[in-house]
Amino acid sequence: MTRLPDRYLEDRALRDAARAVLTEDVTVLRGSLAEEGIASRVSSGVASRISSRVKTGASDVWAQASAQAGERKGVLGVIIAAVILWFLRAPIFDWLDELAGPDTPAKTDDMTGDDAAHGAPEGDTP
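For the sequence shown, UniProt numbering assigns the number 1 to the initial residue and increments by one for each residue that follows.
Read the hints as simulated data drawn from the structure, not as lab findings. Wrong hints could be hidden among the right ones.
[To be verified] Now the in silico label distances, taken between C-beta atoms and shown as ranges:
| hint | residue 1 | residue 2 | range |
| --- | --- | --- | --- |
| 1 | A58 | D16 | 31 to 39 Å |
| 2 | G57 | E24 | 33 to 41 Å |
| 3 | V26 | A58 | 37 to 45 Å |
| 4 | E35 | L88 | 50 to 58 Å |
| 5 | A65 | L29 | 39 to 47 Å |
| 6 | A34 | R12 | 44 to 52 Å |
We put the beta carbon where it would ideally sit given N, CA and C, even for glycine.
Make the full structure from the sequences, and use the hints.
Here it is as structure tokens:
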């Protein structure tokens, strides 16, 4: 039998040690996956990462907005008021219509004038 170089023997020992570590890791992973499936691991990991990134991004935006607002409070107030008025425009218009009251012409459904001449039924009018 031929004598193998020392370097080769050292490399083989390192390879065997690495293989033993890998085999142990695979055994631990299989046991862990048996307890909790891959899908639940991925979904919980993704959800936690997304929520942490959103929280971090929101805090960064809030910090920038706070810094900018400190310098321009008047502009910020006008923008906030405009946004509030935009979202409340329908109730405001309804309120203005109520204030206008009966002075505005009301729509009527009865058929008079030209509608009767164009073949509208006459027996349906009140």
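Handout entry: Hint numbers contradicted by this structure
Key = 1, 6
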